[in-house]
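Start from chain H and add chains P and S according to the hints.
Listed here are the chains, written in short residue letters.
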Amino acid sequence: MTDVIKTEPKPESLPGAPKAEATAPARRTRGEFLYFALRSKKFLIALGILLVLIGIAILGPMIDATDPLAQQGLPMQPPTADPGNWFGTTYFGEDVFAQFANGLRATFFVGLLGGGLAALIGMAVGFTAGYRGGWTDEILNMLTNVVLVIPTLAVLIVISSYLKARGVLFEAVFVGMTSWPWAARAIRAQTFSLRSRDFIDLAKLSGRRAWKIIVQEIAPNMSSYLFMTFILLFGGAILMAASLDFIGLGPTGGMSLGLMMFNAVTWAALTLGIWWWFIPPGIGIMATVGALYVMNVGLDEIFNPKLREI
Amino acid sequence: MRRYFGRKLFTYTLTFFIAATIDWLIPRFMPGDPVAGLMAKQGGISPEGATALVQYYNNLFGLDRPIPEQFINFWASLLHGDLGRSVYGHGRPVTEAIMAAVPYTLALLIPAILLSWWAGNSFGALAARRKWLDSTVLPVGYILTATPYMWLGLVLAFVLGFSLRIFPLSGGYGFNLEPTLTWGFLTDLVAHWMMPFLSLFMVMFGGWAIGMRNMIIYELESDYSRYLEALGAPRGLVRKYAFRNAMLPQITGLALQLGVIVAGSLVTEIVFSYPGIGSLLFNAIKSEDYFLLQGIFLFIIVGVLLANFIVDIVYVIVDPRTRVGMRGGTA
Amino acid sequence: MSLQVTDLRVYYRTLAGDVKALDGATFSIADKEIMGLAGESGCGKSTLGNSLIRLDGRMKYVGGTVTLDGVPLPIGDQNEMNHFRFAEVSIIPQYAMSAMNPTRKIGKMTAELLESRGERYGEIKSELLRRIDLVGLQRDVLNRYPIELSGGMKQRMVMVISTLLDPSLLIADEITSALDVSTQRAVAETLVSFRDHGFVKSMIVITHDVSILYQTADTILVMYAGKLAEKAPTATIIEDPRHPYTKMLISSLPEVGIRYANKKLTGIPGSPPSLLSPPTGCRFRARCPLAFDRCAEEPPFEKIARDHWVACWKATGSDA
Chain H
1 MTDVIKTEPK PESLPGAPKA EATAPARRTR GEFLYFALRS KKFLIALGIL
51 LVLIGIAILG PMIDATDPLA QQGLPMQPPT ADPGNWFGTT YFGEDVFAQF
101 ANGLRATFFV GLLGGGLAAL IGMAVGFTAG YRGGWTDEIL NMLTNVVLVI
151 PTLAVLIVIS SYLKARGVLF EAVFVGMTSW PWAARAIRAQ TFSLRSRDFI
201 DLAKLSGRRA WKIIVQEIAP NMSSYLFMTF ILLFGGAILM AASLDFIGLG
251 PTGGMSLGLM MFNAVTWAAL TLGIWWWFIP PGIGIMATVG ALYVMNVGLD
301 EIFNPKLREI
Chain P
311 MRRYFGRKLF TYTLTFFIAA TIDWLIPRFM PGDPVAGLMA KQGGISPEGA
361 TALVQYYNNL FGLDRPIPEQ FINFWASLLH GDLGRSVYGH GRPVTEAIMA
411 AVPYTLALLI PAILLSWWAG NSFGALAARR KWLDSTVLPV GYILTATPYM
461 WLGLVLAFVL GFSLRIFPLS GGYGFNLEPT LTWGFLTDLV AHWMMPFLSL
511 FMVMFGGWAI GMRNMIIYEL ESDYSRYLEA LGAPRGLVRK YAFRNAMLPQ
561 ITGLALQLGV IVAGSLVTEI VFSYPGIGSL LFNAIKSEDY FLLQGIFLFI
611 IVGVLLANFI VDIVYVIVDP RTRVGMRGGT A
Chain S
642 MSLQVTDLRV YYRTLAGDVK ALDGATFSIA DKEIMGLAGE SGCGKSTLGN
692 SLIRLDGRMK YVGGTVTLDG VPLPIGDQNE MNHFRFAEVS IIPQYAMSAM
742 NPTRKIGKMT AELLESRGER YGEIKSELLR RIDLVGLQRD VLNRYPIELS
792 GGMKQRMVMV ISTLLDPSLL IADEITSALD VSTQRAVAET LVSFRDHGFV
842 KSMIVITHDV SILYQTADTI LVMYAGKLAE KAPTATIIED PRHPYTKMLI
892 SSLPEVGIRY ANKKLTGIPG SPPSLLSPPT GCRFRARCPL AFDRCAEEPP
942 FEKIARDHWV ACWKATGSDA
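Residue numbers (the numbering used here), protein chains in the order written: chain H, 1 to 310; chain P, 311 to 641; chain S, 642 to 961.
Pulled out of the complex, with its shape left as it was, chain H reads as follows:
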């Protein structure tokens, strides 16, 4: 749930959203960043959690190389029953941990790809609208508003339900193409304030082309802001993808955390009390997205000296 932008167009209200200040923060040297980063509790804890999860996602399927969809043991076993299946088994006797680890992989993948794509589109639209202004800005604004208002899940549902075979790539691309509006707005606002600064005039005078100016002058000045926006898009993409998977419109074949929950509900895990089937995937998502949000707040404090606590 990307609820970071709260106003029109102030992206502060969402939890952990970076503040859209009129002046972008100055570039930080690597040394300064490390100094503050290592002292920020929020950043370190969040980073720690993320590393653990990434570790499980990468190493899990290698250590426990069982096929998530193959029968491993007796069906519906709680976690403590069988030492081979750490998280227990599903209705069909599949290893929940194997599903969890593989699902984490897919989740991270979609988040990265979907979030990355949304970030790219958001940057393209935001920079162009903010830098050019005028008619380009108007048109792009209209486009942003339209995509913003459409309830994306509904669109994704309609499109996905018509496709018989869906890959992870499709899901990531859909998610990416629909979650960029708030990022575009925020980037546009920042670009606006940067574009009237002197060093931009200098660049223009030296005859640089517009997109070069954007890439070489404007973007690096907003680098911390862009990074934080990407993190939020990452988290949002994970949540959106999980919702899609949960409705049964996720990638056909393969495993994901949302899919685990879908299966659990479909096979009456609630009434049968097979809690170990649906609790871990939810925790996985919650931990990942929560860590991302908290890391974002930590990064905000690191990059923005005013927020630092003494």
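Check before you lean on any hint, since a few could be wrong.
Unchecked claim - Chain P residues, not near chain S, derived (Cβ > 12 Å throughout):
1. Gln380
2. Phe381
3. Phe468
4. Ala565
5. Glu598
Unchecked claim - Not everything, but these chain S residues come out facing chain P in the computed CB check (under 8 Å):
6. Ser739
7. Ala740
8. Met741
9. Asn742
10. Pro743
11. Ser757
12. Tyr786
13. Ile788
In short, the hints are calculated from the structure, not lab data.
Even for Gly, the Cβ is constructed at its ideal location relative to N, Cα and C.
What follows is chains P and S alone, placed relative to chain H:
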């Protein structure tokens, strides 16, 4: 003012047009043939019967007409409120099926949105003032807002429904009851409503609380706050101003969140088999009932656009600067 | 004596330690005196001015006393100071243009502010209107939102509000910095007229622009790197400064009517020392052309003539 609303209306109308067109385009340009999909479910028909049936379906869905004509027909029937017939509902008009489900969804959404907005904002404001509250509200808020809606629904269902057996696990009301206006029925209705409501409420609450807290802190550090404090104004006055100013972005935030909230309520309903639009959608997907699917989609779009428009109106009423800007005041 | 400051120290707390922004200020301001407070960025003038009314953010009161009209000001205690704020000590802040709540009509905000300080708006309103006329604003400005006013108008409105309760001491923090030259003059003249009308008893005008002080101030206090350098009547500072820093400051001002075709404008080479760990002795030593060995010991802020104080060994004639 007229220009502002005119613009908004234009954007919304444009959005609706685009959305509806996408809706109409998809079955016609997606791989696969919806009629073939329908046919695959028939099973056991003679070849002559099959051809006749295919022709019937093509006729029914207007797929045998040229594309431009189909498009016009689509809009014509749309403006008549005819969204086609539902296969899942055994030929029931889609509009009817949707209308039956809407009250449940609205009964869930509206209280959840309003209450969580109010409670979340109040809590966030309080947290911005008291350090001890802040250290609890902040992490809880982040955790809640990072929680996927359906998962919280599952957890609540499991803990309160399965383990503790306080609330029923599914449905809108007990399977043994008939909808009547009796006290017993109403309490049963509320009992079934409680868990989906709670799960929606909690996730949204987290988001609002954090947002409000951040906004209040931002406002308390602003120049006008500093000036008031320099002139010795009591905390109450400064806080009152900060609170009012912090509310404004929260109102816009509501509009921006609507898409997400709708998605959340859809999945929550699915978890609880709560007979609202979400469950209807789920069933439509499972039974590949395209008419129903498209109808629900259009309905959701209209609803969201309407809600956005209402929020726009509210914002203009509440923020004096917008009215001034429109009057053409000098800055 | 209207205002008496003795050895005032105010530091800023930072992650790297305490920045000694104001490190021992002793001076006094007489009744009806407008004192200009000048110096370059970071010299501590804003810290001094603001500390007299409210310690902001990272500021911390370290020591020293302040007495206003014979009554000690509890500047270290935020709650106690409230009693004095607005009524006895007031400020026109540096951020005057954004000092008013953007979503409140100006009249309403002023009324609420006054009521919250225990004043009756009804009784003050006529005086408020009179002063609005005085600064050249329309009376219906009370019905407007801040966004509807220009920068200069907002500045003047804030000036009216800040002085409404006739404070003994008014601190004007860089109020002309963001304005164009003609508005600067208008604002400076308004400020003096406030004193002449008796709205304010004494004033501290903080600025880095000495030329404004020439128009408005009776005396000028020059600061450097957290310490006081020189205080004297305006004419003396401009025509016969004693501290080397003041001399260089004045001489670096371009004179009207003189063309600098052949001679370059001279500034003061070098930059101020870090206030995190300031150097011992005179803080201007590194940039001072007249520095000698005695300067390794910090010169006290001494009186060398009537109404003239300097902190320099050379100026006090101790350069034996």
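Evaluated hints:
Distance check on Gln380/P: its Cβ is at least 51 Å (rounded) from any Cβ of chain S, clearing the 12 Å threshold; non-interface status holds. Even its closest Cβ contact with chain S, about 47 Å, leaves Phe381/P beyond 12 Å, as expected for a residue assigned away from the interface. Interface exclusion of Phe468/P from chain S stands, the closest Cβ pair being 46 Å apart, more than 12 Å. Every CB of chain S lies more than 12 Å from the CB of Ala565/P, the least distance being 19 Å, so the non-interface label holds.
Every CB of chain S is more than 12 Å from the CB of Glu598/P (nearest about 52 Å), matching its label as outside the interface. A least Cβ separation of about 4 Å between Ser739/S and chain P falls short of the 8 Å threshold, and the interface hint therefore holds. The interface hint given for Ala740/S holds, since its Cβ lies 4 Å from the closest Cβ of chain P, which is under the 8 Å cut-off. For Met741/S, the interface hint holds, the least distance from its beta-carbon to any beta-carbon of chain P being 6 Å, beneath 8 Å.
Interface restraint check for Asn742/S: the shortest CB-CB distance to chain P comes to about 5 Å, inside 8 Å, so the restraint holds. With a least beta-carbon distance of about 6 Å to chain P, the hint placing Pro743/S at the interface is held under the 8 Å criterion. This hint holds: Ser757/S has a C-beta 5 Å from the nearest C-beta of chain P, less than the 8 Å allowed. The beta carbon of Tyr786/S is positioned within 8 Å of a beta carbon in chain P (closest approach about 5 Å), and the interface hint is therefore held.
Residue-level restraint check for Ile788/S holds (minimum Cβ-Cβ distance to chain P is 6 Å; threshold 8 Å).
Against the hints set out earlier in the document, no violation occurs for any number.
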